[in-house]
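Trainee: Protein chains in written order, with the numbering used here: chain A, 112 to 161; chain B, 38 to 275.
Bear in mind the hints are in silico, worked out from the structure with no lab data behind them.
Hints may be right or wrong, so weigh each one.
[What the hints assert, rightly or not] Here are the in silico distance ranges between beta carbons for each label pair:
1) Asp104(B) <-> Pro126(A): 30 to 36 angstroms
2) Pro126(A) <-> Leu51(B): 18 to 24 angstroms
3) Lys144(A) <-> Ser56(B): 24 to 30 angstroms
4) Lys132(A) <-> Phe105(B): 42 to 48 angstroms
5) Asp219(B) <-> Ser150(A): 20 to 26 angstroms
[Said to hold, decoys possible] Where chain B lies over chain A, by a calculated footprint (3+ residues, C-beta under 8 angstroms):
6) 114-128
7) 150-156
[What the hints assert, rightly or not] DSS-like, lysine-lysine: derived pairs with alpha carbons at most 30 angstroms apart:
8) Lys96(B) <-> Lys70(B)
9) Lys96(B) <-> Lys164(B)
10) Lys99(B) <-> Lys133(A)
11) Lys154(A) <-> Lys132(A)
12) Lys133(A) <-> Lys154(A)
13) Lys70(B) <-> Lys154(A)
14) Lys146(B) <-> Lys164(B)
15) Lys152(A) <-> Lys239(B)
16) Lys90(B) <-> Lys146(B)
17) Lys132(A) <-> Lys152(A)
18) Lys132(A) <-> Lys146(B)
19) Lys90(B) <-> Lys144(A)
20) Lys152(A) <-> Lys133(A)
21) Lys70(B) <-> Lys152(A)
22) Lys99(B) <-> Lys70(B)
23) Lys144(A) <-> Lys154(A)
24) Lys239(B) <-> Lys146(B)
25) Lys144(A) <-> Lys132(A)
26) Lys144(A) <-> Lys133(A)
27) Lys154(A) <-> Lys90(B)
Beta carbons are placed, not taken as given, at the ideal position from N, Cα and C, and that holds for glycine.
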Amino acid sequence: MELRLATARFFRAFPEARVSKKEGMSDDDMAEKIYLLLSPKGKRCLVELW
Amino acid sequence: MSALRAVFPRTVYLAQRFSLPIPIIQDAAATTKRMFRYASESLQRHYNSTDEKPTLFNKIYKAGEEDFLSFTEIRDTALAYIVAGTDTTATTLTYLIWAVCRDHNIQRKLVEELGSLREGFDDADLKGLVYLGCVVDEALRLYSAVPAVLPRVVPPGGATLAGYRFEQGTVVSCQAYSLHRDANVFVDPERFRPERWEGATKEMRDAFHPFGGGARSTFTYSSLCLSLCLDSVEESYR
Chain A
112 MELRLATARF FRAFPEARVS KKEGMSDDDM AEKIYLLLSP KGKRCLVELW
Chain B
38 MSALRAVFPR TVYLAQRFSL PIPIIQDAAA TTKRMFRYAS ESLQRHYNST DEKPTLFNKI
98 YKAGEEDFLS FTEIRDTALA YIVAGTDTTA TTLTYLIWAV CRDHNIQRKL VEELGSLREG
158 FDDADLKGLV YLGCVVDEAL RLYSAVPAVL PRVVPPGGAT LAGYRFEQGT VVSCQAYSLH
218 RDANVFVDPE RFRPERWEGA TKEMRDAFHP FGGGARSTFT YSSLCLSLCL DSVEESYR
């Protein structure tokens, strides 16, 4: 399944990835905004890869 | 737009019928327009593509040429596949990466397990990775891409469900959001804790349906998203 493959590839390539605090990225950006399809409120998820 | 219509059918109908300036509906209408354009462009690209490999859409074009389907119907089908096959997986993947990256213990455990993989691994190699499976299930539990109502209409003759009688034509909806957060089934439900799936109970498995359930499950849609996310994740950063 795609999620499994994508997760494996991502964390193999970027084992040290961290959620970024740059540009004011916070958990609030990831608050769920839901109608039918889930989407994060901030419309972004900043991650620092290394 | 169709999402809003599914959840608030009357509001959307009234807003469109009387051109009411409701921001959320105006935004959705603009997005829908943009998506229609994207779907049309994608169709054009696919139609002109020299790739000989037939896809589902070759059959759909044929139906179009034989006047079984209008262009609007073909475009709407393309749009449904684009959204259902890519957006859903991308959204859950975004939340999965976020949830894992903010918890050192989960991340360490996952990276450690992934370290055992051979170079050039494929999905078959991943099936044996227990913790990876737990992480994916936990992401699908909390961040299922379609957590909202999936309306169904009771067929002619009515139906009895769990001791309740429903007349024909009644709209019945089930949604994953609250089901996946039922504290009677999932201990500490709001917490992202992949370990809970290591000892998954039958109740957990039964309450878990991130793709809807039964004959109208969206699972087949989601499976269409093949390598899109994978390739973009890796290649755009390399």
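Trainee: Look at each hint and say if it fits the structure.
Mentor: Now the hints, each set against the structure:
1. Asp104(B) <-> Pro126(A): 30 to 36 angstroms: violated, 55 angstroms
2. Pro126(A) <-> Leu51(B): 18 to 24 angstroms: Violated - the Cβ-Cβ distance for Pro126(A) and Leu51(B), about 52 angstroms, lies outside 18 to 24 angstroms.
3. Lys144(A) <-> Ser56(B): 24 to 30 angstroms: Holds: the Cβ-Cβ distance is about 25 angstroms, inside 24 to 30 angstroms.
4. Lys132(A) <-> Phe105(B): 42 to 48 angstroms: Given range 42 to 48 angstroms: violated, Cβ gap about 54 angstroms.
5. Asp219(B) <-> Ser150(A): 20 to 26 angstroms: At 23 angstroms between Cβs, range holds.
6. 114-128: Per the Cβ count (14), the hint holds.
7. 150-156: Coverage by chain B holds here, the residue count being 3 at a Cβ distance below 8 angstroms.
8. Lys96(B) <-> Lys70(B): Since the Cα atoms of Lys96(B) and Lys70(B) sit roughly 26 angstroms apart, the hinted pair holds (cutoff 30 angstroms).
9. Lys96(B) <-> Lys164(B): Violated: Lys96(B) and Lys164(B) sit about 34 angstroms apart, past 30 angstroms.
10. Lys99(B) <-> Lys133(A): Outside the cut-off at roughly 50 angstroms; violated.
11. Lys154(A) <-> Lys132(A): Holds, at roughly 15 angstroms.
12. Lys133(A) <-> Lys154(A): Holds, at roughly 15 angstroms.
13. Lys70(B) <-> Lys154(A): Holds, because 19 angstroms separates the two Cα atoms, which is no more than 30 angstroms.
14. Lys146(B) <-> Lys164(B): holds, 17 angstroms
15. Lys152(A) <-> Lys239(B): Violated, because 33 angstroms separates the two Cα atoms, which is more than 30 angstroms.
16. Lys90(B) <-> Lys146(B): violated, 41 angstroms
17. Lys132(A) <-> Lys152(A): holds, 16 angstroms
18. Lys132(A) <-> Lys146(B): holds, 23 angstroms
19. Lys90(B) <-> Lys144(A): Given pair Lys90(B), Lys144(A) is violated - Cα atoms ~38 angstroms apart, limit 30 angstroms.
20. Lys152(A) <-> Lys133(A): Holds, at about 17 angstroms.
21. Lys70(B) <-> Lys152(A): holds, 21 angstroms
22. Lys99(B) <-> Lys70(B): Holds, because 26 angstroms separates the two Cα atoms, which is no more than 30 angstroms.
23. Lys144(A) <-> Lys154(A): holds, 10 angstroms
24. Lys239(B) <-> Lys146(B): The given pair, whose Cα atoms are some 25 angstroms apart, holds under the 30 angstroms limit.
25. Lys144(A) <-> Lys132(A): Since the Cα atoms of Lys144(A) and Lys132(A) sit roughly 21 angstroms apart, the hinted pair holds (cutoff 30 angstroms).
26. Lys144(A) <-> Lys133(A): holds, 22 angstroms
27. Lys154(A) <-> Lys90(B): Since the Cα atoms of Lys154(A) and Lys90(B) sit roughly 35 angstroms apart, the hinted pair is violated (cutoff 30 angstroms).
Figure legend: structure checked against the earlier numbered hints; hints not met, in rising order: 1, 2, 4, 9, 10, 15, 16, 19, 27.
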